[in-house]
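Spelled out from the first residue to the last, the chains are:
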Amino acid sequence: MTKEIRLMKGNEAMAEAAILAGVDAYFGYPITPQSEIIEYLMSANTAERTGMQVLQAESEIASINMVYGAAGCGKRALTSSSSPGISLKMEGISYLAGAELPCVIVNVVRAGPGLATIQPSQSDYFQAVKGGGHGDYKLIVLAPSTVQESVDFMRLAFDLAFRYRNPVMILTDGIIGQMMEKVELFEQQPRLSEAPEWATRGKKPGEKSTVVTSLHLESEDMEQVNLRLQAKYREVEKNEVRFESYRCEDAEVLFVAFGSSARIARKAMDLARMKGIRAGLLRPITLYPFPVDEVRRLAGQVSGMLTVEMNAGQMVEDVRLAVNGRTPVEHFGRFGGMIPGPDETLKALESRLEEWHKKQPAQAE
Amino acid sequence: MAEQSIISPENLVYKKTEVMTDRELHYCPGCGHGTAHRMLAEAIDELGIQSETIGVAPVGCSVLAYYYLNVDMQEAAHGRAPAVATGIKRVLPEKYVFTYQGDGDLAAIGTSETIHACNRGENILIVFINNGIYGMTGGQMAPTTLPGMKSSTCPMGRDVKTMGNPLKITELVAQLPGTYYVTRQSVHTPGNARKARRAMKKALEYQKENKGTCLVEVVSNCPSGWKMNPVDSNKWMEENMFPFYPLGDIKVPGKGLVNGGKDGR
Ligand SMILES: Cc1ncc(C[n+]2csc(CCOP(=O)(O)OP(=O)(O)O)c2C)c(N)n1
Ligand code: SF4
Ligand SMILES: [Mg+2]
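Chains as they are written, first to last, in my numbering: chain A, 1 to 365; chain B, 1001 to 1265.
It is possible that some hints are incorrect.
With a Cα cut of at most 25 angstroms, we get these calculated SDA-like pairs of lysine to any residue [said to hold, decoys possible]:
hint	chain 1	residue 1	chain 2	residue 2
1	A	K204	B	D1022
2	A	K204	B	E1094
3	B	K1095	A	A99
4	A	K9	A	F335
No lab work stands behind these hints, which were simulated from the structure alone.
Sequences and hints are given; from them, build the entire structure.
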């Protein structure tokens, strides 16, 4: 069977992918630049196609808590928003992480802080990767850089969410959400028929009732829960790191960039190569778990790294942590909705070369 | 009568419902929460729907309601129970879904979730325990605290000029087309408790017929927060809470608002 190829907008493609992934319920609240997701779902006749429930909630707070309720029943629940709305969801996200409920949250990032602008940005990296809500928890964070990946990651996100009983965030931005690209859609997946044993589906006679909660009043218990969560995160770090490298084998300088920025950095890398600069690009796909080992390995090879981000320097901190001083790591960014161009990105690299070449790359450990 | 014959089935006149666990309640002596739990549990029992019921616990003194109510339950964030219940009901429409919430939870931090769930006519039962105070956090002012009533955050009494008036959220949601049955009850005497149980049972029956949101308010006491002994607290409740929050149906199926929805009589 030949696969169907369609030209789709990123947001609509994600919505279609959600239906195809067998998602049971979507709860959302409109906000630019991602309202096409709920608009698409509302006009896609999901009730007939798969039985998927779609509801426009009164707020992002309500929608994430609806996700909590549906996820607590062992269903595939999805919500999406953009930065200001994601801030409102943070309370619920912390509760979902605490109660170990699987779900997927899409953040089509726009610039901040505050109401700011509807233009694309990557300034929610910290919020997605470092917490945002309260408590020691982690989201698995996937960063697509194409419309195709936006589609593929919807399915992957639910697989990971259920494998680890953990919320997964797809961190994309207004560029990928709004642009049209060709995509190959996957086949319709069935909705879940079995209820996981932790789900509230009505107490079976003679069995203990099931409780979904993040409350553990005794410190001893709460510490055990935290230790269990941390053990789970270590598993995630061991098994789920994803990244893509371009021309890293012989690279002597490295761009590190995710999502939209990675497309720009790749162009800058090509331009650099044309000028005889042996540049490579590492594109983290999972922002958590971060490709720490790969960054560390490359730190022994290159004379410097430049992160390209549509923010004031967020992922650069994770790169520096991984590199641990072994090679210079710098940040080039535009923000507030401005998008860096390949030429200025190349210039940013070139301006650092002399400095970097003075220092010898550290030896690999 | 010998002990054995008392406990033989044919002599049985009362039995603790299976829908309550054997766990010792953590509530203060004389607190209405325990009785309200039991009335809800008995309503579920009488309908034989224990295995088809999913509850949502609030943040408040009854945060651990799932220790006592022997049904599948989810613990919601403060005020978010109606949204959580919406999520449950939308994916499992054939189940009976209820929330159990205090006045701070339902009528302050969760006002939006309450009103919108009611306005959508979510087919859920909301059990609303109005004790006029934040019991769990040590007796602070609630949205329902009476004018002049003292609490730790209005030690001179609630001054409505600066602190706002008590919110009659039950009358408010009764105005919404999404609500089907709205009533105000109490559980401080056996007679009142039985009425409250009947109200909850009716509400669950309506849920089977997908009639819309049902809300059963229980005006209750908080001896600790009110700094009274249980007997005095019930007396104070009758004398002060009931005139402001009159008991009775507020919206009745088929008849609509009682007394224009102005109060519970
Ligand atoms: C977001 C958030 N804010 C505040 C609190 C603290 N808190 C816990 S319970 C509560 C008030 C509960 O009062 P009520 O809903 O009336 O329940 P009661 O204890 O009186 O039954 C507050 C303010 C919290 N847990 N979460
Ligand atoms: S503080 Fe008040 S509401 Fe809470 S258990 Fe004690 S008496 Fe009941
Ligand atoms: Mg209260």
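We went through each hint and held it up to the structure:
1. A:K204 with B:D1022: It holds: about 18 angstroms lies between the C-alpha atoms, which stays within 25 angstroms.
2. A:K204 with B:E1094: OK: K204 of chain A and E1094 of chain B at ~15 angstroms, within 25 angstroms.
3. B:K1095 with A:A99: It holds: about 22 angstroms lies between the C-alpha atoms, which stays within 25 angstroms.
4. A:K9 with A:F335: Answer holds: K9 of chain A to F335 of chain A is near 23 angstroms, not above 25 angstroms.
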